[in-house]
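Undergrad: With chain D's structure known, arrange chain A on it following the hints.
Line by line, the protein sequences give chains D and A.
Under the numbering used here, read the first sequence as residues 1 to 342, first letter to last.
Under the numbering used here, read the second sequence as residues 343 to 684, first letter to last.
Because the hints were derived from the structure by calculation, they are not lab data.
There are no misleading hints in this set.
Covered, in the sense of this in silico footprint (three residues per stretch, anywhere, with C-beta under 8 Å from a C-beta of chain D), are these stretches of chain A:
1. 345-351
2. 391-398
3. 425-437
4. 446-452
5. 464-476
6. 656-665
Where a beta carbon is used, it is the ideal one built from N, C-alpha and C, also for glycine.
Listed here are the chains, written in short residue letters.
There are 2 protein chains.
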Amino acid sequence: MAKKIGKYTLRMNNPPSVIAGAAIGSKKEGEGPLSAYFDIINPDSSFGEKTWEKAESRLQKDTINKMLEKAGIASVEVDAVFGGDLLNQCVGTTFGMREIGIPLFGLFSACATFAEAMALAALLVDADTLAQAAIIASSHFCSAERQFRFPLEYGGQRPPSSQWTATAAGAALIGTHVQPPYIKHVTIGIIEDLGVTDANNMGAAMAPSAAATLTHFFSDTGTNADNYDLILSGDLGAVGSELLYQLMERGGYDIRKKHADCGLMIFDRDRQDVHAGASGAGCAAAVFCAYILPSMREGKLKNLLFIPTGALLSPTTVQQGESIPCICHLIHLADSPEPAGV
Amino acid sequence: MAKKIGKYTLRMNNPPSVIAGAAIGSKKEGEGPLSAYFDIINPDSSFGEKTWEKAESRLQKDTINKMLEKAGIASVEVDAVFGGDLLNQCVGTTFGMREIGIPLFGLFSACATFAEAMALAALLVDADTLAQAAIIASSHFCSAERQFRFPLEYGGQRPPSSQWTATAAGAALIGTHVQPPYIKHVTIGIIEDLGVTDANNMGAAMAPSAAATLTHFFSDTGTNADNYDLILSGDLGAVGSELLYQLMERGGYDIRKKHADCGLMIFDRDRQDVHAGASGAGCAAAVFCAYILPSMREGKLKNLLFIPTGALLSPTTVQQGESIPCICHLIHLADSPEPAGV
Chain D
1 MAKKIGKYTL RMNNPPSVIA GAAIGSKKEG EGPLSAYFDI INPDSSFGEK TWEKAESRLQ
61 KDTINKMLEK AGIASVEVDA VFGGDLLNQC VGTTFGMREI GIPLFGLFSA CATFAEAMAL
121 AALLVDADTL AQAAIIASSH FCSAERQFRF PLEYGGQRPP SSQWTATAAG AALIGTHVQP
181 PYIKHVTIGI IEDLGVTDAN NMGAAMAPSA AATLTHFFSD TGTNADNYDL ILSGDLGAVG
241 SELLYQLMER GGYDIRKKHA DCGLMIFDRD RQDVHAGASG AGCAAAVFCA YILPSMREGK
301 LKNLLFIPTG ALLSPTTVQQ GESIPCICHL IHLADSPEPA GV
Chain A
343 MAKKIGKYTL RMNNPPSVIA GAAIGSKKEG EGPLSAYFDI INPDSSFGEK TWEKAESRLQ
403 KDTINKMLEK AGIASVEVDA VFGGDLLNQC VGTTFGMREI GIPLFGLFSA CATFAEAMAL
463 AALLVDADTL AQAAIIASSH FCSAERQFRF PLEYGGQRPP SSQWTATAAG AALIGTHVQP
523 PYIKHVTIGI IEDLGVTDAN NMGAAMAPSA AATLTHFFSD TGTNADNYDL ILSGDLGAVG
583 SELLYQLMER GGYDIRKKHA DCGLMIFDRD RQDVHAGASG AGCAAAVFCA YILPSMREGK
643 LKNLLFIPTG ALLSPTTVQQ GESIPCICHL IHLADSPEPA GV
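Bound conformation, chain D alone (with noise of 0.2 Å):
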């Protein structure tokens, strides 16, 4: 079973293995960089479904099914599902995994849902709990405007720190240890809030999550972004990865060659219109299930920090003048089992 190392992490002792992944988007998606490693691009981003909401929960029972059929296994197979989303009550999972029959445990960690998932999915494998657990993420632009800005038909401005929440899902099966990458360490995230009240700046308010979690995971691990081939966080953004630079600068780690943002990965900001990036707690989970994990597949990646980031607010806290709480949680996952090269 994982153990405690340093005052934050876990370490696996028999690190399991993300065993299959899959990734669905829609017509953004599709027209962004990374469209050609999408399972599917659906660019009817209704689903066939009758409302945004409804459609995100097609969109996550359409990316679980794919990726139990990629792993080749039937949903009786799976011992657990951890899966969660943004909107209220979290029924993009709740209606999405009704049919699946599968043992729910719901999640809530906003953006940073999909990297909870995978910690309790990996330490509950890691511990021979369970044989292999399903985890899953969505996030779907026009539910997330109408929750938590403005209806579409409303055509409210933008300002350039907001961020454009993907329409996406990304899930994954972990399992006992077969093949690369195989999840080594989790460090799970304390709240962070440093009095940030703009909720169309989400980076700014995320960022000290992201540092604080990572300046754990380093000095729990004795190691820096050297040890790395990459830093990679959820949705910061331009602006919140800047912010992050210079806080894990303060604490004296440079990290700025080995970091990368799945917010600035999934679109182009050069040719469309996401002012600074993507964001939704699909965004780091789908650009996960797509590129990630088969380039760690593959060997092209070799050793990664995977450090999604959530905005803990409401509309609701919003409007009452309250600051944004943020959390980060860090899953460090590398191309061996072996406790080696940490």
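TA: Same frame as chain D, but now just chain A:
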């Protein structure tokens, strides 16, 4: 570590203990039959805050701090907190845990959240991955009414099948076994949806999920109601409890004499105007921490099945005509960590 027995149930190898618990309620809970068992009854349901959502966050913060005080430990000694609530984006928990400084696993299983938290904490303590973990869940009548039904000022009529959301929170500490109760099995729920669409009749919607999970557990362990002192559902209320009996009878199980419901315990339906009983994620959490935990500690209850249910709907899904998917997680607690006597 816990191991799967049968199809759905996980049996602990080294059953973790519920080391400490605390519960806080408000005015109506203070007028109910369990009043004397609460650690704190704060008759001011605003808990000194300016909005109902902030009040619920404050309730969570006060409850976890009271629990840590009773356990005699500092928050830094707790490896993780597993928590959730009913509010959009779980802000009762994210704002309530903002200053606690413990790694947070955010959860959502509606009114079954406390059981999901207890299951995950127990599985990871049993695996020796976490030394001790806190769990918490809450609900607040005023924040729930505004979010799920109508603002209080509207004065909406409540049908007889409706339940009254408890303004309450329960927090507990799960750790290596030292004293009863011990967590011996958990059965994680699969979503059940028999097509109930009436959001004012949650008991009817949730009863099938309780029946499914309880049947899975009985089948996996080869036991029945006779083996237990008490089968305690979360908040089926009067309507849902009767439906649960009927559904279990169809499967050949008679649970009538062994069953109680937290939603029928926290208020007195004859004296208090709560219609079909109480509900809310805080109902099962508070009844467990205030009343059940001490009863088990004192040996009055020896063998308990705790089966909170959650209705995984949102106001949006109701408006869109969707039925109500529900889930029930089961926790088996006993006075001895020994495997005998299931």
